[in-house]
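One letter stands for each residue in the lines below.
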Amino acid sequence: MTTHAPLAIEVTGLEKSFGDTHAVAGVDLAVPEGSIYGVLGPNGAGKTTVIRMLATLIPPDAGTARVLGHDIRTEGDAVRSLVSLTGQLASVDEELTGRENLILLGRLLGLSRSASRTRADELLEAFGISEAAARLVKHYSGGMRRRLDIAASIVVTPRLMFLDEPTTGLDPRSRGQVWEIARALQAGGTTILLCTQYLEEADQLADGIAVIDRGKVIAEGTPGQLKASVGTGGLKVRLLDPGQRGDAAGILERAVGAVVLDADPAALSVSSADASRAADGVSALARAGLGIAEFSLGQPSLDEVFLALTGHLAEERDATLEEQSS
Amino acid sequence: MSTATPVTAGADTAAVRQAIATTARPPRPGPLSTALTFGWRGMLKVKHVPEQLLDVTVTPVMFLLMFTYLFGGAIAGSTSAYLDYTLPGLLVMSVLFTTVYSGVSLNTDLTKGVVDRFRSLPIWRPAPLLGSLLGDSVRYVIAGTVIIVVGVALGYRPDAGVTGALGALALVVVFSFGLSWVFSVLGLLLRSPNAVMNAGFMGIFPLTFLSNVFVDPATLPGPLEAFVNVNPISILATACRSLMDGTPDGEAITTSLVVAAALAAIFLPITTRLYRSR
Ligand SMILES: Nc1ncnc2c1ncn2[C@@H]1O[C@H](COP(=O)(O)OP(=O)(O)O)[C@@H](O)[C@H]1O
Ligand SMILES: [Mg+2]
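Residue numbers (my numbering), protein chains in the order written: chain W, 1 to 326; chain D, 1 to 278.
Mixed in with the good hints, there may be bad ones.
Unchecked claim - Simulated pairs of lysine-lysine, DSBU-like, Cα-Cα distance not exceeding 30 Å:
1) D:K47 to W:K138
2) D:K112 to W:K216
3) D:K112 to W:K138
4) D:K112 to D:K47
5) W:K227 to W:K216
As the list claims (entries may be wrong) - A short, non-exhaustive set of chain W residues, derived as facing chain D with CB atoms under 8 Å:
6) L108
7) L170
8) G250
9) I251
Claimed, not checked - Computed far set for chain W versus chain D, every beta-carbon distance over 10 Å:
10) G13
11) G87
12) E94
13) R214
14) D241
15) E253
16) R254
17) A255
18) G291
19) A293
Simulated from the structure, these hints should not be mistaken for laboratory data. Keep in mind it's a predicted model, so treat the numbers as computed, not measured. For glycine and all other residues, C-beta sits at the position ideal for the given N, C-alpha and C.
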């Protein structure tokens with residue numbers, strides 16, 4: 001990256017194990033101040049563990065990390081006074097109302113009683129939760145809870161914010177709102193470390209991305225660089241007749257590039273294609289008389305990123321997914 | 001998601017920007033103020049879920065009615081004589097049962113993400129624990145008051161009047177401060193709130209029955225009597241009886257306080273260490 005901004009997060013050789021699990025196995029990160037930095041990886045990659053160490057919740061086994069210039073091991077208190085954590089589990093108190101949650105945090109951060117009430121009402125209004133202010137958080141929808149969670153993180157504006165999978169489980173509209181909020185925070189000067197499982201989310205928000213798997217950074221770059229290494233978009237095709245998939249694969253292979261057969265027996269995708277070549281591929285299928293149920297041109301999925309980056313991880317991940325579902 | 005987004009639909013981006021811009025970091029609050037804020041949180045929880053008080057008051061009231069009217073005559077000759085004997089003990093039982101919930105609510109917190117938030121704040125680190133104890137004390141006082149009021153309604157009259165009853169209540173609450181750290185440790189070690197509840201009652205239930213709360217230990221076989229006599233719950237019940245009867249038993253009161261202090265001295269540091277590293 002060409003930026004010369006001072007670093008908000010500087011991590012070298014960070015490690016953490018739980019028993020035999022090497023949750024974080026040597027991570028290096030350099031996050032420029034003022035940026036949104038995406039840590040992208042599948043479930044169990046070690047994202048949350050990295051955040052928990054950087055937020056001084058758990059000590060690392062090895063490595064060094066400085067957050068806004070402060071060593072996380074020896075200057076924990078200084079780190080805590082500059083950062084906010086929006087955890088993967090909603091980090092708000094479900095047994096209190098939304099307003100009480102924000103007042104509680106205001107008081108804990110040193111606002112006077114009246115100032116914390118004013119601040120709570122201001123945030124409730126800004127985040128569109130005024131109407132639910134007096135309701136217990138356990139009755140909130142996922143999107144409302146997430147917005148409250150983020151509001152709770154900016155009762156006093158932090159210099160750095162950890163956002164751990166802020167949109168997992170949210171509907172597209174709530175997801176868009178959370179993205180808007182993240183952009184507004186960045187515009188206000190807050191650096192954000194964003195953990196996510198969605199390439200689209202990292203692409204939407206992040207200035208830089210580290211792809212992490214099994215506790216290691218396996219790729220790093222801007223969203224553009226990352227996508228270029230994968231292809232600008234994936235063409236997905238579903239055929240009317242699964243029996244024709246072999247023929248279709250041959251045609252797409254010639255017209256576009258390497259073909260991936262999906263779990264769906266009628267579907268296949270090409271992970272390396274630009275839009276016009278993808279269009280050629282679709283018309284080649286049509287000319288050959290193969291019936292197409294649907295096709296789409298989209299962002300590469302995390303699976304495709306993994307496949308492109310490592311070649312073999314995708315299969316192993318499928319295997320673990322099967323284990324989980326059985 | 002554009003500027004046309006109605007205000008009610010979700011976050012208002014312009015207002016969010018505004019809200020971010022307006023804050024300066026206030027000076028950090030002191031330890032006491034922080035602990036009191038957590039105490040306030042504990043009280044809000046009691047306010048929102050008053051049913052949790054039902055759990056801990058209904059059982060002792062049930063025991064009070066059952067023992068007084070079913071066994072009272074057989075044990076003490078008459079129900080009113082038995083009520084005089086057992087009420088201070090039931091006060092002890094009622095409040096001590098409540099302390100199990102300190103561990104349960106701590107464990108509930110841990111299964112949610114909110115503890116991570118507290119631990120990431122620049123606050124005095126034992127504050128959440130000490131503060132929730134303040135909130136818990138409200139529960140202790142309510143549980144104790146309910147038993148005394150029901151007892152009075154059934155005809156119990158403490159010789160030392162209101163002062164004696166208040167003295168006994170205060171002693172039990174102070175003892176509970178010490179005991180609750182034991183359950184806090186359980187709350188930090190066990191996996192689910194239910195496990196804490198079960199383990200807690202598995203301990204406190206037999207200990208309460210193997211005390212002088214319900215029966216005079218003189219009637220028990222030798223080894224059992226010896227155990228009952230050294231059981232801290234017996235000593236606490238004796239101390240409460242003496243306070244309510246207007247004949248304060250200095251030794252029992254002192255022993256109760258020493259036991260409470262010892263429990264706190266052992267289990268409070270363990271609790272803070274576990275809380276920090278979880
Ligand atoms: N407290 C813990 N105790 C034991 N194992 C853990 C703990 N936290 C995380 N792990 C394990 O460490 C690995 C990384 O987990 P995590 O950091 O939560 O990944 P992610 O957030 O990327 O999904 C996983 O295998 C997980 O099971
Ligand atoms: Mg995670």
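Quick rundown of the hints versus the structure:
Of the supplied pair hints, the one linking D:K47 and W:K138 holds, its CA atoms being roughly 15 Å apart against a limit of 30 Å. A C-alpha spacing of about 27 Å is found between D:K112 and W:K216, which places the hinted pair at or below 30 Å, so the restraint holds. Proposed proximity of D:K112 and W:K138 is supported: the alpha carbons are some 11 Å apart, at most 30 Å. At most 30 Å may separate the alpha-carbon atoms for a hinted pair to count; D:K112 and D:K47 meet this at roughly 20 Å.
This hinted pair checks out: W:K227 and W:K216 have alpha carbons roughly 19 Å apart, not beyond 30 Å. Evaluation of the W:L108 hint against chain D yields a held restraint, the C-beta minimum of about 6 Å falling below 8 Å. For W:L170, the interface hint is violated, the least distance from its beta-carbon to any beta-carbon of chain D being 11 Å, above 8 Å. With its C-beta approaching chain D no nearer than about 42 Å, W:G250 sits outside the 8 Å limit, and its interface hint is violated.
With a least beta-carbon distance of about 39 Å to chain D, the hint placing W:I251 at the interface is violated under the 8 Å criterion. No beta-carbon of chain D is positioned within 10 Å of the beta-carbon of W:G13; the least distance is around 22 Å. Not every beta carbon of chain D lies more than 10 Å from that of W:G87, the smallest distance being close to 4 Å; the non-interface claim is violated. Not every C-beta of chain D lies more than 10 Å from that of W:E94, the closest at about 6 Å, which undercuts listing it as non-interface.
No beta-carbon of chain D comes within 10 Å of the beta-carbon of W:R214; the shortest separation is about 23 Å. Interface exclusion of W:D241 from chain D stands, the closest Cβ pair being 39 Å apart, more than 10 Å. Interface exclusion of W:E253 from chain D stands, the closest Cβ pair being 39 Å apart, more than 10 Å. The claim that W:R254 lies off the interface holds: its Cβ sits roughly 41 Å from the closest Cβ of chain D, which is beyond the 10 Å cut-off.
With a minimum CB-CB distance of about 36 Å to chain D, W:A255 clears the 10 Å threshold, and the non-interface call stands. The non-interface label for W:G291 is consistent with chain D: the shortest C-beta to C-beta separation is roughly 37 Å, beyond 10 Å. The Cβ of W:A293 lies farther than 10 Å from every Cβ of chain D, with a closest approach of about 31 Å, so its non-interface assignment holds.
The structure is inconsistent with the numbered hints 7, 8, 9, 11, 12, although it conforms to all the rest.
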